[in-house]
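Number of protein chains: 2
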Amino acid sequence: MKIALDAMGGDTAPETTVAGAVRAARELPVEVVLVGRRDAIERSLASYPKRPKNLSLVHATEVIGMDESPVASIRKKRDSSINVGLGLLKEKQVDAFVSAGNTGAVMSASMLLVGLLSGIERPGIAILLPGVKGDTLLIDVGANIDPRPIHLLQYALMGEAYARCVLGTSRPTVGLLNVGAEESKGTDFMKETYGLLEGSGVNFVGNVEGHDIFTGEYSVIVCDGFAGNVALKTAESLAHAIKALLRRSLAMSPITRLGAWLARDAFLQLRKEIDYAEHGGAPLLGVDGISIIAHGASSAKAIKNALRVAYESVRHELNKNMVDAIQLHSQHVKSA
Amino acid sequence: MKIALDAMGGDTAPETTVAGAVRAARELPVEVVLVGRRDAIERSLASYPKRPKNLSLVHATEVIGMDESPVASIRKKRDSSINVGLGLLKEKQVDAFVSAGNTGAVMSASMLLVGLLSGIERPGIAILLPGVKGDTLLIDVGANIDPRPIHLLQYALMGEAYARCVLGTSRPTVGLLNVGAEESKGTDFMKETYGLLEGSGVNFVGNVEGHDIFTGEYSVIVCDGFAGNVALKTAESLAHAIKALLRRSLAMSPITRLGAWLARDAFLQLRKEIDYAEHGGAPLLGVDGISIIAHGASSAKAIKNALRVAYESVRHELNKNMVDAIQLHSQHVKSA
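Chains as they are written, first to last, in numbering that gives the first Met the number 0: chain A, 0 to 335; chain B, 0 to 335.
Isolated chain A, as found in the complex (with noise of 0.2 Å):
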C-alpha cells in the first residue's frame, strides 16, 4: 500500500509532516509518498540518521498557502503539492492522500481531480470525536455549507459504512443534528431530512442535539456543514478555554500548585482523551480514493494518526462499503 502525504501542508511543514512521514513508515506497513520540493523535504530528512526504506519522495514545484482562494489555486499552481498528490491518487499510484495544507483547496482538488464516488453529490468532511462512553463521527463539518436534504443521507450512508468497516462499530447509530429531539422540530430543510433518513434503511435514532455530540451515545451524527463548523470551532474554543482557564486557577497558590503536580498523570490522561492529535487526521467522504484532512497545527504524532486513518480506510475497502451501501440503499428505496 502506497499513501502520498502533502509534505508541504500545515503550519509547520515540511519539518512536522516530514516528522510524521518518518513516525508512521516505522509503525506502517505501508509506503510513504512524500509530495513536494525535494530540496525543503531532503533537508528535513538529513535529520534522520536511519532514513525508513519505506519512505520515498516526489517532487512538486509549487506550494499552495494556507489562505490562498481553493479553486483559484488549484487552477494556478498545477504543479503544487496538493495538485500532484491528488494526481497521484487519480492514477492510482497511490491508495491514499493525505495533507494537513490548505483544507478548502484539498476539497476542491479531491472533487474536481479524483472526482466523486458513483451515486455522491457532494462529499463530506467527517471528523471523529471523543465522549465519555465512546468516539462519535460527526459529519459534515465544513465541506459543504448549503447543503440538500439528500446530501445528508447520503452523509448518514457513509457515515454508517465507515462507523462498520474502519471503526469496527457492529450496528452504528445515525443521529440528525437538531434544536430538539421531536420529529417535528426545526426548519423545513430539517423536517424534510428527518423524512428521507427515516426510510433509508440505515440505523437513524431520530434527532439529536448539540449537548449528544460529546456523550458518545451515537456512532454517526449528521449535519449541514454550517452547523457542523460552527459546532466543530466552538467545542474546540472551550477547549481551549477550559485548559487556561484551569491552568489559570491552578496556579493560585502553592497548595494548587502541588496537587496540580500530583495529579499531573490524570492531566495528561485527559489531554490524550480529547487531544484530536490522537484521532488523526478527518476523512473526505465521498471521493472516488482515500483523501484525508489533518488539522492545519497537526503535530508530528497527529500528522502519522492521519496517515494511519488512511492506511485503515484503504485496508478495510472502505470505500467500496459506501458505494455497496449507496446502492443498496438505492434498492432499498426502489422496492419500497
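Check each hint, because a few of them may be wrong.
Stated by the list, open to error - Restricting the straight-line Cα-Cα distance to at most 27 Å, the calculated cross-link-like pairs of lysine-lysine (DSSO-like) are:
hint: 1; chain 1: B; residue 1: 76; chain 2: A; residue 2: 184
hint: 2; chain 1: A; residue 1: 184; chain 2: B; residue 2: 75
hint: 3; chain 1: B; residue 1: 271; chain 2: A; residue 2: 271
Unchecked claim - Interface residues of chain B toward chain A, partial, derived using beta-carbon atoms under 10 Å:
hint: 4; residue: 131
hint: 5; residue: 178
hint: 6; residue: 179
hint: 7; residue: 183
hint: 8; residue: 186
hint: 9; residue: 187
hint: 10; residue: 189
hint: 11; residue: 247
hint: 12; residue: 261
hint: 13; residue: 266
hint: 14; residue: 316
hint: 15; residue: 318
It is worth saying that the hints were derived from the structure and are not from the lab. Note that the Cβ used here is the ideal one computed from N, Cα and C, for glycine as well.
Based on the hints, put chain B in the right spot on chain A.
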C-alpha cells in the same frame, strides 16, 4: 421595582424557584412576585421561618409542562403561571418576568401576550458566555431558527445596547458567526447579513468563527438561532464530557486523588468561572417588557442570578436604550 417569577417553571419547581426567590428578595432591592399554585408555593415557603417582606404571591391554577407544545399550551392553559406572569408584565403590574419553564412557551407567550418593541420583527435569546479574556454575548441561541438577515441586524443593535447599558462595556464589538473570517465566506444569507451589519453603524468587526466564542475577544456575536443553539448545546456537552473524563482520570491512583484534593480550590474557581448559574438567565431581547429565560435545570443560585439579570435590565432601562438604538439606526440608514 417588581419582578414576577414563574414559581412552577423548571425541573425542580417550586422548591428551587422559591429558594431562589428568597435569596433574591434578601439581596436585591426588588419585590419578587411568585406566580403559581398557591398551595405548592406556600408549602415550599414554609421551610423559611423568616419570610422576606418583599416576597409576594399571585395564584395561577395551571402549569405548562416542560415538554408541552408551546403555542398550543399557552392557548389552552390561560391560567398557567407563564400566562399569568406575562399578563402582569403586559399590564405593567410588574417590571420584569423570569421563568425556568418551557422555553418555547415563554417565548411564544412573550411575543403573543406582551408583544415586541417598536421596530423589532423577531426576538432573540441572548446568552452571556464566559471566556478567557471576558464574557461574550451570543444572540440568538434558538428563538428564531430560520431568520432573515434583517433579524440578525436587529440582534446586533439590541445586543450592542445590552452590552453597553447592562454589562457596562464602553464600545462593544459585534461579530457575525460564520465559517471563516473573510467577507466572502458563508452562505448567501451570511453574505447579505454581512452587508447589512457593515452599513449599520454598530462597531462591526466582521465574520468570526466558532473558535472565537470562548476567547472573550468580542462583546457580542450574532448568529442564526439554529447555529447558535447547536453551538451552545455543543459547548454544554463538551464541558460535561471534560468534567466526567477529568473526574475519571483524577481517580486513577492515590497520588492523583491526593493531588485533586489539594487542588480542590482551583477546581471550585474554574467551576465558578464557567458555571452558567453564575451568569443567570438569558434575556429574550426584543420583547416589550423584560422577559428572562433561565435554564430548566437552574439551581436556586441560578434563579437568583436570573432575577438579578432582570433587575439590572430594568435598572439600566434596557428596552428604552434598545429602542433608541433601533431609531438611531433608521436615521443612519435614511441619511446614508
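Inset, instruction - Mind checking the CB of residue 316 of chain B against every CB in chain A and telling me if the closest is under 10 Å? - result: With Cβ-Cβ at 32 Å, over 10 Å, it is violated.
Inset, instruction - Starting from residue 76 of chain B, check that the Cα of residue 184 of chain A is at most 27 Å away, please. - result: holds, 22 Å
Inset, instruction - Tell me if residue 189 of chain B is really an interface residue toward chain A, meaning its C-beta lies closer than 10 Å to one of theirs. - result: holds, 8 Å
Legend entry - Straight-line alpha-carbon gap residue 184 of chain A to residue 75 of chain B, limit 27 Å: holds, 21 Å
Inset, instruction - Would you settle whether the hint for residue 261 of chain B is holds or violated, based on the nearest Cβ-Cβ distance to chain A being less than 10 Å? - result: holds, 3 Å
Inset, instruction - Would you settle whether the hint for residue 186 of chain B is holds or violated, based on the nearest Cβ-Cβ distance to chain A being less than 10 Å? - result: holds, 5 Å
Legend entry - Interface hint compliance - residue 131 of chain B to chain A, C-beta minimum distance less than 10 Å: holds, 5 Å
Legend entry - Hint validity - residue 183 of chain B Cβ closer than 10 Å to any chain A Cβ: Nearest chain A Cβ about 9 Å off; hint holds.
Inset, instruction - Assess, step by step, whether the Cα of residue 271 of chain B is no farther than 27 Å from the Cα of residue 271 of chain A, and give holds or violated. - result: Cα-Cα ~25 Å, so holds.
Legend entry - Cut-off 10 Å, beta-carbon criterion: hint that residue 179 of chain B touches chain A: With a minimum Cβ separation of about 9 Å from chain A (threshold 10 Å), the hint on residue 179 of chain B holds.
Inset, instruction - May I ask you to test the interface hint for residue 266 of chain B with respect to chain A, counting a Cβ-Cβ separation under 10 Å as satisfied? - result: With a closest approach of 7 Å, the residue 266 of chain B hint holds.
Inset, instruction - Return the status of the interface hint for residue 178 of chain B: holds when the least beta-carbon distance to chain A is below 10 Å, violated otherwise. - result: holds, 5 Å
Consistency note: the structure conflicts with the earlier hints numbered 14, 15.
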